Amino acid sequence: MGTMPLMQENSGGRQRAPAYRRVLPWIEIALLVAAIPLPWLVEDFWILFATKVLILGLLAISFDMVWGFGGIMSFGQALFFGVAGYTAALIATKLDVTSVLVLLPTAAVTGLLSALVLAIIVILGRRPTTVVFVALGTLTGSYVVERLARGWSYVGGQNGISSLPRLTIGGVEIEEGILFYFMALGILATVYVLVRLLMRSQFGLVLAGIRQQESRIAFLGYRVQNYKGVVFSLGGLIAGTAGGMYAFHEGFMGPGQLGPVLSTQVVLYALFGGVGTLIGPIIGVGLIEIMSYALSQYWETGWPIVLGLLLLALVMFRPTGIMGLLVSDRERVGSFGRPKQAADPVAGTRHEAA
Amino acid sequence: MDVVPFVFDVAAYSAIFVLVVLGLGIIASMMGIFNFAHGEFVLLGAYTVYLVEGTGMPSWFGMLLAPLCVAIVGLVLERLVIRRFYAAPVVAMLGTYAIALVLREGVRGLLGGQFYNVSAPLVGSFGLGHFSISKWRSAVIVITVVVMVGCYLLLVRTRFGLQMRASLENPALARASGISTSRVYAATFALGAGLAGLAGGLMVPIYSLNADLGVPFLIKSFLAVMLGGMGSFEGSVAGAALVGATSAALPWVIKPVVANLLVFLIAIVIVKFRPEGLLSRWRS
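First to last, the protein sequences are chains A and B.
Residue 329 is where the first sequence starts when you use this note's numbering, and the numbers rise one by one after that.
Residue 1420 is where the second sequence starts when you use this note's numbering, and the numbers rise one by one after that.
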């Protein structure tokens, strides 16, 4: 039962192995270069739109880290996103705190803690849990918390928490617009680089091994459950940061941001862009949000149907997403150590397993 | 607290829930697929009854037709889509989720976001002491028991049941013995879908018809199947009865929101510590 990002491996991987061109860094640089002058080139509406894409992009890479690299199917990313957003929103409205230096770290830590709690229930423990159990457990968590938020009047019930104050930094309001855009871009870029480094480190190598064959890594003496718990919790941290930003960007936090609908939407973003590439999910967010916006102008009720058909087509015919068209399998899954090195442990295991 | 309405309420809800879980459990056990579109199969069953009633025919006829229609839908989906997913449970989840989305939103478009009432074939209630018991709900309990026994006999006593169990136990050997596992899987999926359609048809007079009819059942049904242990018919039924009865009984005692949370939490924790299911010890 291979995890999905690895499903289409070994199609002539050996022949291609000696030399391959790195494409990912160019895509990453190109997107960053395009993102910097963007706010001066487009109208206000599109700045807000782009900021939302950046924030959801953060959520999408949290999922990609957990599933694409950690091999944990998480339908709970919206749970961490929403719980963190709710917490930040509550602190802002009940305690009159607006400093971004307090609220975003709080959101991040809340995301981390809620992921840790969920990890203790569905991942950690003496016995390894199955991928199906983790998927259904996280889905259940997301569903339950949404129900709870809908029924709890302290957090606004069905209506959620609205009219949030603006974030401030040292007395300056961070208005939705150029300033917020660059804050989101800065956070996204920083998190992106950190996650990328982590996933290409020895830690990432262990994760790759776990994805490939969990029992073999366990026999080598690694505590597989703990590695999964760590990557899951880090995913919660990132999703929480995104949730905190989302709440103040939209000025609103509602039960819809907690539940399975957003959780599965995140999965779709990542699948569409290309799981296991980090940049793919961000592209996925951008494209899907643009399509959603364009289509909802003309045919509002039709969008979810199109979304469903798109997802179905993806899992049936193109599980590697858009990035699968541009990036070779080898680069997508990642190589460790310097490219020149003859011994590429992950590639080695892969071909052997295949 | 009055005992009779309480017991009846719990029994009626559990009966509907068992019926929903039965189809899901059969598909999950036999094929290892958690069908996210199961709630939408329930919805399609309910929708069929609504359509049939709309043409002026009695609703019991729609309830007979519902399982057939949904089974055909299930069969077509299995042949076109689901059979690609047998080796990959996570991909199957995403694929069936996508199907669910298309079906649900399609029906929502057809219904126009409205709620519709469908009349029950049996109207009214009969008295028991000074309580009144709804006739249709009682009928649902009886039908559930009959269907349950029927499914059990199908699995244990018929040639098809034997082939199903063989395909579950050891697909390779089953194929070697001349059983077309692909055909058995298709039939199993259609059976599961048909049961969901029946559940939808029977429940629609009780809950009014809307596009989200099946949604609340889905996650609870997954938990019930895992609780009972995948791979056994009795397990799914027992898990469903347990989850159904608990989630119907708890709101009588504590706040519904908290009750919901508790049911899910307890179920998840039990499954974590007994991943092979509650009945595993008893069976071995």
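If you are wondering where the hints come from, they were derived from the structure by calculation, not from laboratory data.
On a predicted model such as this, the values are computed, not experimentally measured, just so you know.
Beta carbons are placed, not taken as given, at the ideal position from N, Cα and C, and that holds for glycine.
Errors might be hidden in some of the hints.
What the hints assert, rightly or not - If you want a taste of the chain A side facing chain B, the calculated C-beta under 10 Å gives, among others: (1) Ile357; (2) Val361; (3) Arg475; (4) Pro632; (5) Leu640; (6) Leu642.
**Interface hint outcome for isoleucine 357(A) [beta carbon to chain B under 10 Å]** = Given a least distance of 31 Å, the restraint on isoleucine 357(A) is violated.
**Supplied contact hint for leucine 640(A), tested at 10 Å Cβ to chain B** = Hint on leucine 640(A): holds, closest Cβ of chain B at ~4 Å, below 10 Å.
**Message:** The hint names leucine 642(A) as touching chain B; please verify it with the least Cβ-Cβ distance against 10 Å.
**Reply:** It holds, given that the least Cβ distance between leucine 642(A) and chain B is near 8 Å, below 10 Å.
**Request:** Answer holds if the nearest beta-carbon of chain B is closer than 10 Å to that of proline 632(A); otherwise answer violated.
**Result:** Holds - the Cβ of proline 632(A) comes within 10 Å of chain B, reaching about 4 Å at its closest.
**When the least beta-carbon distance from valine 361(A) to chain B is tested against 10 Å, hint result** = Violated, about 33 Å.
**Request:** Please verify that hint: arginine 475(A), Cβ, nearest Cβ of chain B, below 10 Å or not.
**Result:** Since chain B brings a Cβ to about 6 Å from arginine 475(A), closer than 10 Å, the hint holds.
Hint check: violations occur at hints 1, 2; the rest are consistent with the structure.
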